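Build out the structure end to end from the sequences listed, making use of the hints.
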Amino acid sequence: KPDKRTKLYSFLKKELDPKTGIKEFWPLRTSELKQFVRQKSWNITLSESVLDLFLTKTWSWLFHIKNELDKLIDWAETTQNFEIAEKDVELITFWLSDINNFEFFDILFVDKNKALKLIAGLQEEGAAWNSILWTLYRWIKIWIFVLDCFEQNIKDSKIITSMLKVHPFVVSKTVKNIDVLSRNKNGIISLYKWLIELDSDMKNGKKSELNFWFDVKKLVYNI
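Residues are numbered in my numbering as their position in the sequence shown, beginning at 1, plus a constant of 76.
Just so you know, the hints here were simulated from the structure itself, not pulled from any lab data.
Everything numeric in this text was worked out from a predicted model, so none of it was measured.
Yeah, the Cβ is synthetic: ideal placement off N, Cα and C, and Gly gets one too.
You can trust all of the hints, since none of them are fake.
Quick list of the computed label-pair ranges, beta carbon to beta carbon: (1) K163 / P94: 46 to 56 Å; (2) T82 / L138: 18 to 28 Å; (3) L88 / K163: 43 to 53 Å.
Below, the structure written as structure tokens:
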């Protein structure tokens, strides 16, 4: 879906020849998604029920579908079993969670109990821990960068957006909460360091992925 708020969209709409127009690529229907999966997985067998389960987990985001499908294909080639079963999908593929990440970061310093309940909800929905970790990394890093800009007296959202190369909405939302973030800067930096250590410990086998949710709740509680 095109973001009609962006300067690029406005420029194209204004400058392009009316005869040319702008082609918009809307989300595929279920039947089209199934056709897409079949085309990209010609060397493995997916029954209708397995395909339904797979799309339930991946939803309609084609990037995620392709990524998870590649994992199934690699699994099939490794095991030399090219008929994918439901247990394979459950074991190998990650859920795509449509969690409101903005809500979590809005309430992190306002209502800690609600933030913890949101994390628990992610866990119950089967959200991928590495996806959640990436989201936490991304937002906390932006917070730290924006805080550094303000400390250097760089407070213009447009300038900060240009420096960080992120969407203007992300910067404006961070700037809106700059007072709260400033008061909690030490906690934010500590949380970022803890996440790095947690990620490293899991990748090096010092901690199990099963510890992820407990440790993240502990980090949020102690911030």
